[in-house]
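Asker: For reference, the chains in residue letters:
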Amino acid sequence: MTLLDFARGPGMNFALAVFVLGVLWRLVGIALLNYWRPKSEPRQGWLRAMMGGALATGTRSWPHREFIGRTGYGELLGYSYHIGLFIVILFFAPHVAFFKGLFGVSWPAMPSTWIHLIAVLTLTLFIAVLVRRVTNRVLRRLSNFDDYFSWFATALVIVTGLMTTGHIGASYETLQAWHLLSVELLLVWFPFGKLMHAFFIFPSRAINGYLLSRKGAAS
Amino acid sequence: MTDQHTHRTIGEALDASGVSRRSFLKFCMVTASMLALPPSVGRVMAQQLRKAKRPSVIYLSFQECTGCLESFTRSFSPTAENLLFNVISLDYDDTLMAAAGSHAEAAREKAMKDNWGEYLVIIDGSVPMADGGVYNTAAGKTAHQTLMEVVEGAAAVVCVGTCASFGGIPYAHPNPTGAVPISELVTDKPVVNVPGCPPIPEVITSTLVHYVSLGKVPDLDEHGRPLAFFGNTIHDRCYRRPFFDQGKFAKSFDDEGARNGWCLYELGCKGPTTYNACATVKWNDGTSFPIESGHGCLGCSEPGFWDKGSFYKPLAAGTYTSAEKIAAAAGAGVLLGAGAAVASRMKRKSRLHETDREERS
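The listed protein sequences derive, respectively, from chains Y and D.
For the working numbering, count along the first sequence from 1 and bump the result up by 32.
No gaps in the numbering here: position 223 of the second sequence is 218 in the working numbering, and each next residue is one more.
Please note that a few of the clues may not be correct.
[Stated by the list, open to error] 25 Å max Cα-Cα, derived BS3-like pairs, lysine-lysine:
id: 1; chain 1: Y; residue 1: LYS132; chain 2: D; residue 2: LYS308
id: 2; chain 1: D; residue 1: LYS320; chain 2: D; residue 2: LYS308
id: 3; chain 1: D; residue 1: LYS243; chain 2: Y; residue 2: LYS132
None of these hints come from the bench; they were simulated from the model.
When you get a sec, could you build the whole thing from the sequences and use the hints?
Answerer: This is the structure:
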């Protein structure tokens, strides 16, 4: 079995199984804590409270005008590289083929040249994010192994992906194997580190907004 | 072939058959360029070939379909007949030779005795090892016995086709005959693998001419394949490559993309991971190759190509065994999550009771 055979077969199977197990473990574990059940007399009906939750999801995902001078750069970086990542992951033709193999559905892909440009831009933003984390005194003190390893695992996928499409450094099958193995590392790490924010970020904002709204507080 | 033929030099044989010096030089130059050798080597090749004795060649066929031999006979440059009549002395090949039965075996034994330590062995097909090797026998001997007997006195071995090189289709899971490639059995002689299902005819003949003219096997890659032909992937040299770079892919064999000659990656083409010369040497005197005919590469010159998943599944897609494992992982995740939540709630409840008790007391 070659490295690519391993990465495409047993490696990917194992990584997907760990990913599914870990994500469901954490999601179900938190969902069954039942912490969104109001513990005081509700001051608003559930429908209005849900609208409050939706509103909070939007307002808390947007820079606050008062703090934009201090937080704007970080938020711009954050949003930009996330958008870049989504485009590259979802609209690169070989990735669409991967998802078709996994889920049986496909969608139109973007021209590869565009994807390459966006991937390079995304990697540049990724480096800027790391520089900011290391140079900002507060951020540096807040950061731990989880932050740096999550950054590394995600950046590694972009780097190996760019090497594969550019045929840089090794033969195509070796590069593709590295790329798939880096994806598998990301999938295995995902549920147990801060990357889980992908699943938690919007539901947690929505539930907080819902609870506050149910209590009659403006969020 | 007779003694007289074997003992003549190639130059004498060419003169006898009326081949002009110009034609001979052209043949050497074409062969040198096929092997990616500099023109100066073409001249050396010409000098050496004229002086060289036509080497005795024994062609053994084991677990195979004869497609490799069919391919070999369709070589255009050098042509198979030129090779057989002027460059080598094919002393045994149970498909091409006129003799049969004990006469054929006697010819092989005589060729071995007369050229002990100098003859070349060409093999197509894998060797079955299960159940004492009974799945492939000839003249009362198993393929394994014949192979070891013939190879003992050989100067070098050329494995023609993926079955001889890597086991091929007989080697594919579940491999009921216990087939093995030649390189697993022959470890004390130079072994050149010329894989393909079948291999490109010119790659077979050029590899043989290289050995005969320069007296050594060509430079090989990690799978024992001549680098001159197996140094690049088909994808690297494919005329559809610009479409891959542009992200233009055919989605089915009869869509607009396919008609426009777009890349066949999404239709399962294995060109990016297959090392062979199909895209440059091509087939039928350079007419075309499978991708040019509208079908993706199957990756037939790579080890284990038959067991690498569907020919029509893109390389980017995984080769998943089953959805059951993922479903089991999902079930385990839900159970673990539920267990963690229950444990956490019980802990919280007992903490609240404890606080209540402390407050009352």
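Asker: If a hint holds in the structure, say so; if it doesn't, say that too.
Answerer: Here is what the structure says about each hint:
{"no.": "1", "hint": "Y/LYS132 with D/LYS308", "verdict": "holds, 10 Å"}
{"no.": "2", "hint": "D/LYS320 with D/LYS308", "verdict": "holds, 21 Å"}
{"no.": "3", "hint": "D/LYS243 with Y/LYS132", "verdict": "holds, 17 Å"}
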